[in-house]
Amino acid sequence: GDSVTQMEGPVTLSEEACLTINCTYTATGYPSLFWYVQYPGEGLQLLLKATKADDKGSNKGFEATYRKETTSFHLEKGSVQVSDSAVYFCALSDSDYKLSFGAGTTVTVRA
Amino acid sequence: DTAVSQTPKYLVTQMGNDKSIKCEQNLGHDTMYWYKQDSKKFLKIMFSYNNKELIINETVPNRFSPKSPDKAHLNLHINSLELGDSAVYFCASSPAGREAFFGQGTRLTVV
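Heads up: the protein sequence lines correspond to chains Y and W, in order.
Just so we're aligned, residue 1 is where the first sequence starts under the working numbering, counting upward by one.
Just so we're aligned, residue 1001 is where the second sequence starts under the working numbering, counting upward by one.
Just to be clear, a hint being listed does not mean it is correct.
Here are the simulated DSSO-like pairs of lysine-lysine, each with C-alpha atoms no more than 30 Å apart in a straight line [claimed, not checked]:
1. W:Lys1071 - Y:Lys52
2. Y:Lys98 - W:Lys1019
3. W:Lys1019 - Y:Lys60
4. W:Lys1022 - W:Lys1067
5. Y:Lys60 - W:Lys1044
6. W:Lys1009 - W:Lys1052
7. W:Lys1040 - W:Lys1019
8. W:Lys1067 - W:Lys1041
9. W:Lys1067 - Y:Lys52
10. Y:Lys52 - W:Lys1036
11. Y:Lys98 - Y:Lys49
12. W:Lys1044 - Y:Lys56
13. Y:Lys60 - W:Lys1052
14. Y:Lys52 - W:Lys1022
15. W:Lys1019 - W:Lys1041
16. Y:Lys60 - W:Lys1036
17. W:Lys1071 - W:Lys1019
18. W:Lys1041 - Y:Lys56
19. W:Lys1022 - W:Lys1036
20. W:Lys1009 - W:Lys1022
21. W:Lys1009 - W:Lys1044
22. Y:Lys49 - W:Lys1036
23. W:Lys1044 - Y:Lys49
24. W:Lys1036 - W:Lys1071
25. W:Lys1044 - Y:Lys98
26. Y:Lys49 - W:Lys1022
27. Y:Lys56 - Y:Lys68
28. W:Lys1040 - Y:Lys49
29. W:Lys1019 - Y:Lys49
30. W:Lys1041 - W:Lys1009
31. W:Lys1022 - W:Lys1041
32. Y:Lys98 - W:Lys1040
33. Y:Lys98 - W:Lys1041
34. Y:Lys68 - W:Lys1041
35. W:Lys1052 - W:Lys1041
36. W:Lys1022 - W:Lys1052
37. Y:Lys68 - W:Lys1067
In short, the hints are calculated from the structure, not lab data.
Next comes chain W alone, as it looks inside the complex (with noise of 0.2 Å):
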């Protein structure tokens, strides 16, 4: 059983599009986090949620929305997509203070 799985793994799309990002974790726990790791590797978070509520948002344009309908899952949704927007997306999952526990990533490409 996957412990924190995203959905697509790839996806290529044009600029000016919106698309989704959905992530589920099986773990139980009560905080989730997208982070966004660019072509050089570096990771920087974007949002985190603790049981279904908003804590951090990371100067992360409005054209982002996170969504957690319940406190096992966390989607991301991107309006009006741009090229700088290419990039790979990570959902994770952590008990609160504790290692988080990764998904496999999601690359989106803008073309």
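Chain Y with its partners taken away, still in its complex shape (with noise of 0.2 Å):
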């Protein structure tokens, strides 16, 4: 079946330091990748997003590139600040009525 592996955290990073969360996936068809953040407290909200391969997803400095040959979406921040402190999940789905999620990674920002 579908599934995503995430990179374990936790992550701790200071602050306009650059962060990458690498995510990989197995889907039978050609899903479409998501990243999701979780702030304290709150439920999860939609990062960026790509539908086929080579798309570029990006939002709030965050970009991912749909990478089908190495069947890669992994997230990227050149400069990070408290704010991102937060959960991340990478997600696919490849049916209508479903979203696979990996592990989340825990992100913490020192300033």
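Need the complex rebuilt from these two chains, each delivered in its own frame; the hints are there to steer you.
Written out as structure tokens, the structure is:
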């Protein structure tokens, strides 16, 4: 079945550092790929998405490129802020009725 | 206006009790979901509905019974609550095959 493998955390960074969270997937078809962010005490919010190979999703300084050849969708940000502290989830949708999530990566940014 | 709203936000109850969580979406989406998030932040799909019809039931105990009176509502009823049911439960909705929008979650604590 479909699955998502995400870099384990927690990750602790200093402000203005670069962030990369690795995500790889297994799917039988051609999934859509997503990154969601969960701030403390809140629900999940869509951060960015890509629906086909070589698409690049971007939002709030975060980027991820859909790489079919390496089945990857790594999340990157060049300069993190304290407000980026959150749990980040990679997810895929290979059918109309299910989103499969990675285990989540907790990111803490120190001032 | 809240897109996906769940009530209650917090629920503390004793073992053996029966409780319900309500979910409503005003986005006009056809598909709704229930996810369970455990203490390690892992997200697991429980149910998926499309136009009031059950599509996915991911090996959830029979004590959990979803009900969708119309496509804007998906409620979750839990019988005979157990300690292991303590978690955060998220409702979500989406157009078929696209990104999901999540509610704020219901933190269930069984004592």
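Hint-by-hint comparison with the structure:
1. For the hint linking Lys1071 (chain W) to Lys52 (chain Y), the alpha-carbon distance of about 29 Å falls within 30 Å, and the restraint holds.
2. Taking the CA atoms of Lys98 (chain Y) and Lys1019 (chain W), the gap is about 25 Å. The hint holds against a cut of 30 Å.
3. Between Lys1019 (chain W) and Lys60 (chain Y), the direct Cα distance comes to roughly 39 Å. Violation of the 30 Å bound is thereby established for this hinted pair.
4. Distance check on the hinted pair: Lys1022 (chain W) and Lys1067 (chain W) sit about 10 Å apart at the alpha-carbon level, within 30 Å; holds.
5. Of the supplied pair hints, the one linking Lys60 (chain Y) and Lys1044 (chain W) holds, its CA atoms being roughly 27 Å apart against a limit of 30 Å.
6. Pair hint Lys1009 (chain W) plus Lys1052 (chain W) holds up; C-alpha atoms about 24 Å apart against a cutoff of 30 Å.
7. Between Lys1040 (chain W) and Lys1019 (chain W) the CA atoms are separated by roughly 24 Å; this keeps the pair inside 30 Å, and the hint holds.
8. With a C-alpha separation of about 25 Å, the suggested pair Lys1067 (chain W) and Lys1041 (chain W) falls inside the 30 Å cut-off, and the hint holds.
9. For the suggested pair Lys1067 (chain W) and Lys52 (chain Y), the alpha carbons sit about 34 Å apart, so the restraint of at most 30 Å is broken.
10. Using a Cα cut-off of 30 Å, the hinted pair Lys52 (chain Y) and Lys1036 (chain W) holds, with the two alpha carbons roughly 28 Å apart.
11. Between Lys98 (chain Y) and Lys49 (chain Y) the alpha-carbon distance is near 15 Å, which keeps this suggested pair within the 30 Å criterion.
12. The hinted pair formed by Lys1044 (chain W) and Lys56 (chain Y) meets the criterion: a straight-line CA distance of about 26 Å does not exceed 30 Å.
13. Between Lys60 (chain Y) and Lys1052 (chain W), the direct Cα distance comes to roughly 35 Å. Violation of the 30 Å bound is thereby established for this hinted pair.
14. About 35 Å separates the Cα atoms of Lys52 (chain Y) and Lys1022 (chain W), which puts this hinted pair outside 30 Å; it is violated.
15. Distance hint between Lys1019 (chain W) and Lys1041 (chain W) is fulfilled; the C-alpha atoms sit about 23 Å from each other, no more than 30 Å.
16. Proposed proximity of Lys60 (chain Y) and Lys1036 (chain W) is supported: the alpha carbons are some 27 Å apart, at most 30 Å.
17. Between Lys1071 (chain W) and Lys1019 (chain W) the alpha-carbon distance is near 22 Å, which keeps this suggested pair within the 30 Å criterion.
18. The straight-line distance between the Cα atoms of Lys1041 (chain W) and Lys56 (chain Y) is roughly 27 Å, inside the 30 Å bound, and the hint therefore holds.
19. Pair hint Lys1022 (chain W) plus Lys1036 (chain W) holds up; C-alpha atoms about 14 Å apart against a cutoff of 30 Å.
20. Among the hinted pairs, Lys1009 (chain W) with Lys1022 (chain W) is consistent with the structure: their alpha-carbon atoms are about 10 Å apart, no more than 30 Å.
21. Among the hinted pairs, Lys1009 (chain W) with Lys1044 (chain W) is consistent with the structure: their alpha-carbon atoms are about 19 Å apart, no more than 30 Å.
22. About 22 Å separates the Cα atoms of Lys49 (chain Y) and Lys1036 (chain W), which keeps this hinted pair within 30 Å; it holds.
23. Note on Lys1044 (chain W) and Lys49 (chain Y): the hinted pairing holds, with a Cα-Cα distance of about 20 Å set against a maximum of 30 Å.
24. For the hint linking Lys1036 (chain W) to Lys1071 (chain W), the alpha-carbon distance of about 21 Å falls within 30 Å, and the restraint holds.
25. Proximity of Lys1044 (chain W) to Lys98 (chain Y) is assessed by CA-CA distance (about 10 Å); at most 30 Å being required, the pair is judged to hold.
26. Taking the CA atoms of Lys49 (chain Y) and Lys1022 (chain W), the gap is about 28 Å. The hint holds against a cut of 30 Å.
27. A distance of roughly 12 Å separates the Cα atoms of Lys56 (chain Y) and Lys68 (chain Y); the hinted pair therefore holds under the 30 Å criterion.
28. Proposed proximity of Lys1040 (chain W) and Lys49 (chain Y) is supported: the alpha carbons are some 24 Å apart, at most 30 Å.
29. Simply put, Lys1019 (chain W) and Lys49 (chain Y) have alpha-carbon atoms about 35 Å apart, too far for the 30 Å limit, and the pair is violated.
30. At most 30 Å may separate the alpha-carbon atoms for a hinted pair to count; Lys1041 (chain W) and Lys1009 (chain W) meet this at roughly 17 Å.
31. Restraint check for Lys1022 (chain W) and Lys1041 (chain W): the C-alpha separation of about 22 Å stays at or below 30 Å, so the hint holds.
32. Taking the CA atoms of Lys98 (chain Y) and Lys1040 (chain W), the gap is near 21 Å; set against the 30 Å cutoff, the hint holds.
33. Taking the CA atoms of Lys98 (chain Y) and Lys1041 (chain W), the gap is near 18 Å; set against the 30 Å cutoff, the hint holds.
34. Note on Lys68 (chain Y) and Lys1041 (chain W): the hinted pairing holds, with a Cα-Cα distance of about 27 Å set against a maximum of 30 Å.
35. Taken as a hint, the Lys1052 (chain W) and Lys1041 (chain W) pair is honoured in the structure, with Cα atoms around 28 Å apart against an allowance of 30 Å.
36. Between Lys1022 (chain W) and Lys1052 (chain W), the direct Cα distance comes to roughly 15 Å. Compliance with the 30 Å bound is thereby established for this hinted pair.
37. Between Lys68 (chain Y) and Lys1067 (chain W) the CA atoms are separated by roughly 38 Å; this puts the pair beyond 30 Å, and the hint is violated.
The structure is inconsistent with the numbered hints 3, 9, 13, 14, 29, 37, although it conforms to all the rest.
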